[in-house]
Amino acid sequence: MSTELGMPSLGVPHGTAGVPRLGEDATPQTKKEFTSDQEVRWCPGCGDYAILASVQGFLPELGLKRENIVFVSGIGCSSRFPYYLDTYGMHSIHGRAPAIATGLATSRADLSVWVVTGDGDALSIGGNHLIHALRRNVNMTILLFNNQIYGLTKGQYSPTSEVGKVTKSTPMGSVDHPFNPVSLALGAEATFVARTMDSDRKHLTGILKAAAAHRGTSLVEIYQNCPIFNDGAFDLIKDRSQQEARIVHLTDGERVQVGPEDDRQVLVRAAGGAMEFVPASEVGEREVVVHDATAGDPTQAFALSRLDSPQMTHVPMGIFRNVVRPTYDDLVRAQVDAAVDTGGGPATDEDLDALIHGRDTWTVA
Amino acid sequence: MSSKTVQKLDRVVIRFAGDSGDGMQLTGDRFTSETAALGNDLSTLPNFPAEIRAPQGTLPGVSSFQLHFADHDVLTPGDAPDVLVAMNPAALKANLRDLPRGATIIANTDEFSKRNLGKVGYTTNPLEDGSLDSWHLHPVALTSITVEALAEFDSLSRKDKERAKNMFALGLLSWMYHRPTSGTENFLTKKFGAKPDILAANLAALKAGVNYGETTEDFAVSYEIAPAPMAAGTYRNITGNVALAYGLVTASHRAKVPLLLGSYPITPASDILHTLSGLKRYGVTTLQAEDEIAGIGAALGASFGGAIGVTTTSGPGVALKSETIGLAVSLELPLVIVDVQRGGPSTGLPTKTEQSDLLQAMFGRNGESPVPIIAPQSPADCFDAALEAVRIATAYRTPVFILSDGYLANGSEPWSLPKVAELPDLTVEFASEPNATDEKGEPVFHPFLRDPATLARPWAVPGTAGLEHRIGGIEKADVTGNISYDPDNHDLMTRLRAGKIERIADTIGDLEVDDPSGEASVLVLGWGSTYGPIAAAVRSVRNTGAKVARAHLRHLNPFPANTGEVLRRYDRVLVPEMNMGQLAMLLRAKYLVDVHSFTQVRGLPFTTVELADAIVGLGTDGDPTADTAHETVTSHGGPA
Numbered sequence: 001m002s003t004e005l006g007m008p009s010l011g012v013p014h015g016t017a018g019v020p021r022l023g024e025d026a027t028p029q030t031k032k033e034f035t036s037d038q039e040v041r042w043c044p045g046c047g048d049y050a051i052l053a054s055v056q057g058f059l060p061e062l063g064l065k066r067e068n069i070v071f072v073s074g075i076g077c078s079s080r081f082p083y084y085l086d087t088y089g090m091h092s093i094h095g096r097a098p099a100i101a102t103g104l105a106t107s108r109a110d111l112s113v114w115v116v117t118g119d120g121d122a123l124s125i126g127g128n129h130l131i132h133a134l135r136r137n138v139n140m141t142i143l144l145f146n147n148q149i150y151g152l153t154k155g156q157y158s159p160t161s162e163v164g165k166v167t168k169s170t171p172m173g174s175v176d177h178p179f180n181p182v183s184l185a186l187g188a189e190a191t192f193v194a195r196t197m198d199s200d201r202k203h204l205t206g207i208l209k210a211a212a213a214h215r216g217t218s219l220v221e222i223y224q225n226c227p228i229f230n231d232g233a234f235d236l237i238k239d240r241s242q243q244e245a246r247i248v249h250l251t252d253g254e255r256v257q258v259g260p261e262d263d264r265q266v267l268v269r270a271a272g273g274a275m276e277f278v279p280a281s282e283v284g285e286r287e288v289v290v291h292d293a294t295a296g297d298p299t300q301a302f303a304l305s306r307l308d309s310p311q312m313t314h315v316p317m318g319i320f321r322n323v324v325r326p327t328y329d330d331l332v333r334a335q336v337d338a339a340v341d342t343g344g345g346p347a348t349d350e351d352l353d354a355l356i357h358g359r360d361t362w363t364v365a
Numbered sequence: 001m002s003s004k005t006v007q008k009l010d011r012v013v014i015r016f017a018g019d020s021g022d023g024m025q026l027t028g029d030r031f032t033s034e035t036a037a038l039g040n041d042l043s044t045l046p047n048f049p050a051e052i053r054a055p056q057g058t059l060p061g062v063s064s065f066q067l068h069f070a071d072h073d074v075l076t077p078g079d080a081p082d083v084l085v086a087m088n089p090a091a092l093k094a095n096l097r098d099l100p101r102g103a104t105i106i107a108n109t110d111e112f113s114k115r116n117l118g119k120v121g122y123t124t125n126p127l128e129d130g131s132l133d134s135w136h137l138h139p140v141a142l143t144s145i146t147v148e149a150l151a152e153f154d155s156l157s158r159k160d161k162e163r164a165k166n167m168f169a170l171g172l173l174s175w176m177y178h179r180p181t182s183g184t185e186n187f188l189t190k191k192f193g194a195k196p197d198i199l200a201a202n203l204a205a206l207k208a209g210v211n212y213g214e215t216t217e218d219f220a221v222s223y224e225i226a227p228a229p230m231a232a233g234t235y236r237n238i239t240g241n242v243a244l245a246y247g248l249v250t251a252s253h254r255a256k257v258p259l260l261l262g263s264y265p266i267t268p269a270s271d272i273l274h275t276l277s278g279l280k281r282y283g284v285t286t287l288q289a290e291d292e293i294a295g296i297g298a299a300l301g302a303s304f305g306g307a308i309g310v311t312t313t314s315g316p317g318v319a320l321k322s323e324t325i326g327l328a329v330s331l332e333l334p335l336v337i338v339d340v341q342r343g344g345p346s347t348g349l350p351t352k353t354e355q356s357d358l359l360q361a362m363f364g365r366n367g368e369s370p371v372p373i374i375a376p377q378s379p380a381d382c383f384d385a386a387l388e389a390v391r392i393a394t395a396y397r398t399p400v401f402i403l404s405d406g407y408l409a410n411g412s413e414p415w416s417l418p419k420v421a422e423l424p425d426l427t428v429e430f431a432s433e434p435n436a437t438d439e440k441g442e443p444v445f446h447p448f449l450r451d452p453a454t455l456a457r458p459w460a461v462p463g464t465a466g467l468e469h470r471i472g473g474i475e476k477a478d479v480t481g482n483i484s485y486d487p488d489n490h491d492l493m494t495r496l497r498a499g500k501i502e503r504i505a506d507t508i509g510d511l512e513v514d515d516p517s518g519e520a521s522v523l524v525l526g527w528g529s530t531y532g533p534i535a536a537a538v539r540s541v542r543n544t545g546a547k548v549a550r551a552h553l554r555h556l557n558p559f560p561a562n563t564g565e566v567l568r569r570y571d572r573v574l575v576p577e578m579n580m581g582q583l584a585m586l587l588r589a590k591y592l593v594d595v596h597s598f599t600q601v602r603g604l605p606f607t608t609v610e611l612a613d614a615i616v617g618l619g620t621d622g623d624p625t626a627d628t629a630h631e632t633v634t635s636h637g638g639p640a
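Protein chains in written order, with this note's numbering: chain A, 1 to 365; chain B, 1 to 640.
Calculated from the structure, these hints are not laboratory results.
Hints are not guaranteed to be accurate.
[Said to hold, decoys possible] Estimated spans, in silico, between C-beta atoms of each pair:
no., chain 1, residue 1, chain 2, residue 2, range
1, A, Glu-4, B, Pro-196, 32 to 42 Å
2, A, Glu-4, B, Glu-217, 37 to 47 Å
3, B, Glu-442, A, Glu-4, 51 to 61 Å
4, B, Ser-182, A, Thr-3, 24 to 34 Å
Here a beta-carbon is modelled for each residue, glycine too, at the ideal position from N, C-alpha and C.
Based on the provided sequences and hints, a complete structural model is requested.
Here's what the structure looks like:
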């Protein structure tokens, strides 16, 4: 049996709707206010520094009361993130941050909830919680730092390491087939999925802004360099001379293309629903793929996520999907609120007395 | 009815047994409700297979419901039935060994076909071959009489009509024991209101059962059991799981803090999730998580946000939640973990009871991670245990275990209803302002600056300006809560966390001993659901003139402050448990007292008789020779 939830349409509220904001006349917040007094202890050259700086720089833009922002993390290098932000924070246990954040976000509509996780934390030990957070669409933003290696345990392969990867635990090369985090998230019916890179502060900040604005679970994969155990993993797309030919910037409403103007490749549909890049001059009558992150059907977004390859010939960056679906926490709260309203407001002692009495009592004089 | 004899009884134990599809639990529930309405004291024991529908007519598919009711206070569901209602050969075979000779058997002859007899290994029909001669056998063609009584219901299939046979059986038993059927009629009207044909058929079957008892010559006697003298008050019948759910929601109300349950379905705890999910009107949020770990994770996240986070599970679920419980110990946040224990290890016996998670609750985590443990002693007591768990969790900022079990969860008893306004005030105080100053004299917040009396740290929830802080599972520096790997600090923090839990003993009261003569040399000490069986056994031993003392532990961690003194007051201490001696191990380790462990793990509560025998075996008259029985005793002669 199923029932119509009978919920009023919630419209398309902003991701931070319901979170107390600074007054109009308040002094704007600064990056410094979001910086805690704790010494940052990542390795020199770690990509996490750049992400931390971008997040600290971005948070004032939200205009939210600082005390209503919470960062929850799991275990791993990236999960030390909350210690360095002067907000509320919890450094929890391996893989469980999405579950903990789900309980927090569901019980508190007035909080802006963020999860910081890594490829091992989110995709190995915490894979189950990640996909269920995505399908439920709990209102929170998940920053998935993907460095394709286990850093804190000192250099074992991760669920995003490429086949053949030689690490401490795979001396003859890894035989594990890796996850593509974007494909996985789309398969879990995530409503917001994006990819960005630690070193591109402008792009990263733009994605953070869109992710925070999205009401629901936003998954942001951030390519992040580990200079100690997997240095240079993303050099092909960080190298200025190569990145233009490799990075496919996804822009809503525009055709999907890559490469400099004099060597532009355009994505077109091939036979059997596949897609292929062809030189702009050869597009002719062929159907050009136009990006639509808001499409209800995730098929095209998924196909775009499959353009990836370990060789990084073409790497899509940007927002793959951004669709509206009621969030789990809004719906849960609406059910509770409706029940409380129907019952005549918050329960009194007498209401509780009536509950525990039930319908079948007898009295002994 | 006047033409028949009416006999007065002081107590009766009835067991309804049938196939898991026969509606035995419903029949038992209804008979219980009728009995409660009549004012008898009572106790129930449902017993059903883990399979939803095991193959029909087989021994694994037998489901039963036992009810003990009396004109005096009832402590257990009864050792052995006086009456067995057997709906098929499997039900007879599975239950006959519990049935004392001379007891009554009402058997549904229609189901004793050659095929059904064969399914359970009967080569001849026990209803006809004389093998039941030492019992009072009433063969009744329950199915065909029911179908016949419903002849006029043309719209119903034969199968539908057969299904009403449990109502016929209920009607017959209601006649036998003078139970009113009006409550059941109301119940059926509510249940089948939308299906008038089915409703009418069930009502007709119920009535046919009553009429059958009144008219047939086979049933010459009916019985009366006078109401039990009970303390004045308003009563209802309640199961442990429902009482626990009501206790949690009431505690949340008294604390003025919302409740969030994060849970994953598991037998025998799921009814708490079901009950709480229907209580949104009381501000309760329930979250059915993707797994046990997410269930407790969501609960802990809610606790961080200032709610009362609760998770409900059974032993296998606790194993999965252990790491998060350890995190809650480290974060020092309130959390309630309800473990409705069942037979283990592993999947074990999902629908049967056991007390074998005590050591798991006590020690089942990495590191030094003490967690308070509370055990309810009866179904209705689950309500009070829930209030106590929330009190400790919120006052001491700690996860707390409630160890219920399958027997309490599904068993029921009359409950004298409390007045909610008169229950303890559990109001929670959240931190609202900085609690220290830094070297420059600026106000700062130290999340691990403790209350000197309780050692609890402040509960500062997100949304409170000026108290922004970070907590985590890494060791924290005393007072500031900053990450610290300092050896002395870790030693200090470990001792502070342990000391905090020990201090709970200041607020739980002494262990009370029931020793009317004051001269007993034997103390029987139990915990949790063995309360009823122990009390009944002690009563029966005292009735022989022997002297025996009794005490029951509600708090297993920390123990009441006088526990060691009580143990040393007696020459011999018997500790009955439905495990291999887990409380006995804790008591021996902590108090160096050589307690006698008495154990069984049969998935069923102790019987009064076996416990009484164990008490007498220790020498209640103070016979010093009995003191030689130092080795662990098991109830069924198995190895210690």
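If you check the beta carbons of Glu-442 (chain B) and Glu-4 (chain A), does the distance land in 51 to 61 Å? holds, 55 Å
Taking 37 to 47 Å as the hint, is the beta-carbon distance of Glu-4 (chain A) and Glu-217 (chain B) inside that range? violated, 57 Å
24 to 34 Å was suggested as the range; check whether the CB atoms of Ser-182 (chain B) and Thr-3 (chain A) agree with it. holds, 32 Å
That 32 to 42 Å hint for Glu-4 (chain A) and Pro-196 (chain B) (C-beta), does it hold up? 26 Å Cβ-Cβ, so the 32 to 42 Å window is violated.
Comparing the model with each numbered hint stated earlier shows that hints 1, 2 do not hold.
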